[in-house]
Amino acid sequence: MLRATIKSLLGHKLRLLLTTLAVTLGVSFVVGSFVFTDTLGAVFENLFSQTTSTADVIVRPAGDFDTFGPQARPVGIPPEVIDEIQTVDGVEQVEGSVFGVVQILGADGTLLGTGPPIIATSWTETGLFTIDEGRPPEADLEIVLNRALVEQQGFTIGGPVTVIAAGFPETFTLVGTATLGNLGSMNGVGFAIFETTTAQRVLGIGDRFDTIQVAAAQGVAPEQLVERIQPLLPEGFEAQSAQTVAEEQANQVKEGLGFFNTFLLVFAGVALFVGTFIIQNTFRILIAQRTRELGLLRALGATSRQVTLMMLGEAVAVGLVASVLGLAGGIGLAYLVRLAFEAFGGQIPDEPLLILGRTVAAAFAIGVTVTVAAALLPARRAARIPPMAALREEEGRMIGQTRRSRIIIGSILTLIGVVALLLGLNDLVPEAVTVVGVGAGIMFVGIAALAPTFARPVASVLGRPVALITATSGELARRNAMRTPRRTATTASALMIGLALVSLVAILAASLQATVNDLIEETFTADLELDSLSLQGTGFDPSITDEVAALPVVGELTRIRTATAEIDDDAVTVAGIEPDRYASFINLEVSEGSIEALDGDGIALESDYAQRHGFSVGDPIEIIFPDKTVTLTVRAIFTDNRTGGRILIPMSVFDSAVPQQLDVRVLLRFAPDVDPATGRSAIEAVVADYPNVALRDEADLRAEATSQINTLLSLIFALLALAVIIALLGITNTLSLSVIERTREIGLLRAVGMTRRQVRDMIRSEAMIIALFGAALGIVVGVFFGWATVQAISADTEIHLAIPVGYLVAGAAAAGIAGVLAAVIPARRAGRLNVLEAINYE
Amino acid sequence: MDAASIREGVKIYGTGETEVRALDGITASFEAARFTAIMGPSGSGKSTLLHCLAGLDTLTSGQVSIGDVDLGSLTDNELTRLRRDRVGFIFQAYNLVPTLNAMENITLPMAIAGRSPDQAWLDTIIDTVGIRHRLRHRPAELSGGEQQRVAAARALASKPDIIFADEPSGNLDSVSGAELLGFLRRAVEDLGQTIVMVTHDPAAAGYADRVLFLRDGTTVGEMTEPTAERILDRLREL
Chain A
1 MLRATIKSLL GHKLRLLLTT LAVTLGVSFV VGSFVFTDTL GAVFENLFSQ
51 TTSTADVIVR PAGDFDTFGP QARPVGIPPE VIDEIQTVDG VEQVEGSVFG
101 VVQILGADGT LLGTGPPIIA TSWTETGLFT IDEGRPPEAD LEIVLNRALV
151 EQQGFTIGGP VTVIAAGFPE TFTLVGTATL GNLGSMNGVG FAIFETTTAQ
201 RVLGIGDRFD TIQVAAAQGV APEQLVERIQ PLLPEGFEAQ SAQTVAEEQA
251 NQVKEGLGFF NTFLLVFAGV ALFVGTFIIQ NTFRILIAQR TRELGLLRAL
301 GATSRQVTLM MLGEAVAVGL VASVLGLAGG IGLAYLVRLA FEAFGGQIPD
351 EPLLILGRTV AAAFAIGVTV TVAAALLPAR RAARIPPMAA LREEEGRMIG
401 QTRRSRIIIG SILTLIGVVA LLLGLNDLVP EAVTVVGVGA GIMFVGIAAL
451 APTFARPVAS VLGRPVALIT ATSGELARRN AMRTPRRTAT TASALMIGLA
501 LVSLVAILAA SLQATVNDLI EETFTADLEL DSLSLQGTGF DPSITDEVAA
551 LPVVGELTRI RTATAEIDDD AVTVAGIEPD RYASFINLEV SEGSIEALDG
601 DGIALESDYA QRHGFSVGDP IEIIFPDKTV TLTVRAIFTD NRTGGRILIP
651 MSVFDSAVPQ QLDVRVLLRF APDVDPATGR SAIEAVVADY PNVALRDEAD
701 LRAEATSQIN TLLSLIFALL ALAVIIALLG ITNTLSLSVI ERTREIGLLR
751 AVGMTRRQVR DMIRSEAMII ALFGAALGIV VGVFFGWATV QAISADTEIH
801 LAIPVGYLVA GAAAAGIAGV LAAVIPARRA GRLNVLEAIN YE
Chain B
1001 MDAASIREGV KIYGTGETEV RALDGITASF EAARFTAIMG PSGSGKSTLL
1051 HCLAGLDTLT SGQVSIGDVD LGSLTDNELT RLRRDRVGFI FQAYNLVPTL
1101 NAMENITLPM AIAGRSPDQA WLDTIIDTVG IRHRLRHRPA ELSGGEQQRV
1151 AAARALASKP DIIFADEPSG NLDSVSGAEL LGFLRRAVED LGQTIVMVTH
1201 DPAAAGYADR VLFLRDGTTV GEMTEPTAER ILDRLREL
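Quick mapping for you: the protein sequence lines, in order, are chains A and B.
The opening residue of the first sequence carries number 1 in my numbering; numbering runs sequentially from there.
The opening residue of the second sequence carries number 1001 in my numbering; numbering runs sequentially from there.
These are calculated hints, taken from the structure and not from any lab test.
Partner residues aside, some chain B positions facing chain A, computed with beta carbon under 8 Å:
1. T1080
2. R1084
3. F1091
4. N1095
5. L1100
6. I1112
The calculated label-pair distances, taken between Cβ atoms and stated as ranges, are:
7. T1224(B) with R403(A): 55 to 63 Å
8. R828(A) with G1114(B): 22 to 30 Å
9. L1135(B) with L320(A): 50 to 58 Å
10. A703(A) with G1114(B): 49 to 57 Å
11. H1133(B) with A373(A): 47 to 55 Å
Built from N, CA and C at the ideal position, the CB exists for glycine as well.
Given only the sequences and the hints, what does the whole structure look like? Please build it.
Rendered as structure tokens:
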């Protein structure tokens, strides 16, 4: 039987290749994800072990605080601590570092650091950086940038670089370039290094430090030093060996990469799931075409078990081939991702791609398992072919399940899927995310099982407009699509999955968009806002606001300032507001107390935050700012948290507690009778001198939200495209097999006068009908997914369902066109058939 | 004028040692409104002759004409259109498109051309072949004889200049075969149709006006007003 299996495989090389392709793509994606994230992981491990090698002990914030960023402990380490550590026995060198983000002006005057941040830090000998060219910064107004940034912007050493320091553009001199280990930059993240005092001034943290690096004297173990230093530290800080810190950092990066990996694997899973539909369909068609051959084997004495094993043997072989190709494809994919990564500004050191044994094992396990699992049902059916089939004149149709049992099984599966999906989405079961995924999968299988029962009428309806375009060719295509409802349905079901997910994402995006738009409309009552283009709340100098306020076109105006502070051992962003004016611009929906009552020693909290921390009106709250701790009383609870901060305090309190006073946002209305365009251009004229201030009106805010949503959307669409491409391969596959099966029929059509072009039209039209069927199914399922997801999210945060009808229709049309493209190869083959040979084809 | 003709037709398959001269300088013509049968032993080239005459295959050298059209000068698309508009076909088997019902199969060439059929003519043909009660049925629901009669109706429906039939009764039982041949005979007599039929069955050839005998790719004689016995006698001589 083994020989028969091999012979039969070699006899159908093309079909084998087409079948393999579906699995290959899925396996490639898995392998690519693993290889890429493994390689990145190795890169980072090297990086962290290299870079911290000169320091032995690190002093840093304790608890759930980052070294820098919004979750950094706002209260820095006082400079006296350095002097104290200096006196500790066994300490060779002590240096303090500060971290933050900064904005600089690019060579063409645009502001950098609004997207990927530019990390600002102080130069230390024991620090993370090495000077690549030039020298370290030694005086005020000197700066060192990472090499990639310098190259990208065309800065020159000795030349000027404009830095937004303390809210104002200032000109620095570039004195050198630096690298972090052997890493030029990561995904566009830049580094700006200053002399320590300058860094403290630029970042506005007084004379404090974020971390302290300690180098041990010869023969002193880091652990000993840790024990000696810890008692000297103020509350909330800890000493750790540099090695521990490096390991922690590497682990954090690995965790991040793990998430990235999971994200990619989810898409790989979708691709493989779609692939199983294709494989199952191909095997089923191949078996139907070989009914006589298999019947002959049975007649010659093969048991039904042997026929099953032969089919599964073929599946194993296909799986192995797919795994090998997928492994190669995945490595190629990882290489491509790396190129793409670099094209978008990231730099990964030239380390070879890391192919772990685990990756190879996964490729083979997945490739073979998926293929065999997909071939199981068709193989069992092949075993049921009776020996008599060999003697029948006609190629026997395979006997499938009866219509009734198909409806029952399909309905049950669909129902289970829907229930699991809803339970998972609404968090009513443990492991909710997995339940949602599995539920969606079961639902897809259920619908695919049901699809053949309604494929005939649906194909009939969808075929009518197609037949209008391509006349007789289209009509024949319509009949062909209706003739094998099961084949049409399974091929369409594969496409359904991709389109359902695309529709879901489109609906979520549209719903989010609509919700955000409404929100902006509802809450944004200013004519214009001035916004510092900063991620970390670095603002602009208040004198800029003063200049704008002095313009005659400007009517009412209010400023918002933000700072990081500590409440209940959490780092939080606190906004300083002018209570009366703020309330006139933003509708806070105050549920308790009043904003006007803030003045003096009041604080307003967003209701979710208040609830989580158990604060209510009248409670005192202690807020730790870097230089001062203040105690305020809760005077108002408000529900809106989406336009401003969650914690609002009066500007008078804010200014007394925060040393660096910068405006982060300014809301304004024009004076009465000022034309908005005139008003805006007057303000623009002032702001033009300050590249760190952006002007926005309601339309700009909306456009910004749209572009953020669209960026996310295009990423997900790009990944889902894989599932759609595999489904399209399925159309290619099914139609190629159908063309072989219908060779004589095509010959006949050609003989009685059908032109090659009309034959191609016929095949392409059938592809279009199948694709439209798949798209229709997918969109219906996707709308359901979208509705269910929006309902589930709304339980937490109110968002309303928006169905982007135009978008979905365009998606269906695109699927139809893609179907036509998928049919290019089978259509060409059909058109090229030699009439005589086709007529005489056995 | 002849409905179709071939002059010094040569058709060679393969090259070198495997070369086969299926047609070897054959010259023949087929009069309009006549029923011609082509006979000959296996490998005599009778099917090749039919295929070349019908524009399904091309000659290695020589000339084939349908009416006044020289097939050698036509492109693939022009040949296809010629087959669609001026030629009818009846094959031994697999004549019908399985997804179309009998009526749709009959009007298929006209549908492909985007023309509407002549309804009166269609009625005449359908009644002549006697399949009016089966028009809404799919091929799978028709008997072999009915399928061939539908095929014959299709061949006639577009009023072609000539119909080529390749063993049309080869797969039928004797009763159905006789019915079909009788119908073809009537199409020539009553409707003035031109038919060229390849067959190896002397009884079938007996329905023709004229029999053309082939051997080794060329004509070796012909007979007019044939009967099955006379044909058998002649075949024995060959």
